[in-house]
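Visitor: Chains as they are written, first to last, in the working numbering: chain C, 42 to 259; chain S, 2 to 155.
In case anyone wonders, no lab produced these hints; they're calculated from the structure. Even for Gly, the Cβ is constructed at its ideal location relative to N, Cα and C. You can trust all of the hints, since none of them are fake.
Computed beta-carbon distance windows for the label pairs:
id	chain 1	residue 1	chain 2	residue 2	range
1	S	R60	C	N141	16 to 24 Å
2	C	I147	S	H112	14 to 22 Å
3	C	M181	S	E128	52 to 60 Å
4	C	H187	S	E149	47 to 55 Å
5	C	L180	S	H148	53 to 61 Å
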Amino acid sequence: MYFVIAGGGEVGFHLAKALLEAGHEIMLIESDRRRAAYIEEHLGSVVLNAPADEGRFQIEAGCQRADAVIAVTGEDPANLVICQLAKWKCRVPRVIARVNDPKNEIVFKALGIDETISSTRVLMSVIEQELPSSGFLPLMPLTGSHLELIEAEIGPNGPSAGKTVHALGLPRGTAVGGVVRKGSVLHADEDLRLEVGDRLVILAPTKDEAEVRKALAG
Amino acid sequence: MKIVIVGCGRVGAFLAGLLDGSGHDVTVIDLERASFAHLPATFKGTTLMGNGTDLEVRRTAGIDKTDALFTLTQGDNRNLMSAQIAKEVFGVKHVIAKVNDPIRANTYRDHGIETVSRTSILGTLLEAMLMGDPEVGKILVEKARGHEAEMAGA
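Model the full assembly from the supplied sequences, consistent with the hints where possible.
Guide: Pasting the structure below:
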């Protein structure tokens with residue numbers, strides 16, 4: 042596949058390197074001359090030294106035939122404009138923006154950029170996954186749906202052991218996809234009684250995450 | 002009218018002074034307190050320190066009750082982002098972004114964001130003045146010089 046990466050900072054550089062190693066074709070747009078030269082020295086002739094937020098340079102980088110444009114500069118407004126221009130001017134089928142301020146995720150969605158990556162959010166979920174005590178792991182947000190995939194373990198001291206699925210009192214719009222008990226999957230019927238050590242896979246609206254956490258982990 | 006101006010550089014402060022002088026309720030937002038020194042001494046509106054693209058700052062500025070918003074910082078992209086948030090998220094009716102790159106100004110105008118490019122406006126005006134084209138910008142130049150005289154006299 043062909044990817045155009047806008048911004049050659051640490052994120053852009055290593056993303057470019059990884060995509061090249063995976064056998065993809067890439068072009069990286071970097072406006073700083075010295076940084077562009079550095080990347081060219083390490084990755085070869087895959088760099089366009091130009092501002093990525095100008096349409097003509099996106100065309101020069103071959104955005105019209107790109108499978109995706111990925112904007113990873115350190116400036117959220119620049120990432121927004123790069124993605125919008127790529128969509129409008131070059132009809133790129135898929136645009137992905139890095140958001141530096143997590144609050145901008147909602148803003149970007151409202152302005153038509155559906156795929157965003159927030160390093161703060163990624164780090165937060167990694168940290169949460171490494172805290173074994175809570176037994177509550179938000180696994181990933183589902184793109185374009187305002188839903189979150191959550192894994193929760195029924196702990197011995199939590200409020201949920203011994204309750205039925207129905208009695209958990211999960212918020213409306215939440216679905217328990219399945220219960221893993223001793224390595225096998227059980228149907229999450231409403232009257233299934235939960236035991237300590239059960240792991241639940243749950244789909245929940247992102248806004249209700251705190252409520253789900255409370256129902257399961259206290 | 003209730004008017005919000007994002008960016009208190011020379012242009013933002015000049016416009017804030019004009020609108021405040023003609024009796025509008027003006028709020029100016031800028032990242033740096035020092036920028037408010039550009040405002041005329043007579044300015045009676047509100048100054049708000051903060052990032053114009055930040056949703057919280059906008060709520061504080063009362064953006065949902067705003068009639069018009071101008072984004073006049075030095076960054077084209079910042080202005081375009083601020084303007085789009087005002088229009089698409091908060092439903093502000095009149096939104097104008099300063100976008101100095103004429104091509105980006107044109108693209109976003111096609112997509113419903115009103116833009117003004119200092120580059121193309123000033124360039125067109127200067128060419129007309131050199132060529133002695135009397136019609137282009139005559140009213141604009143007269144009005145601008147009037148404002149300048151008022152400021153110099155005040």
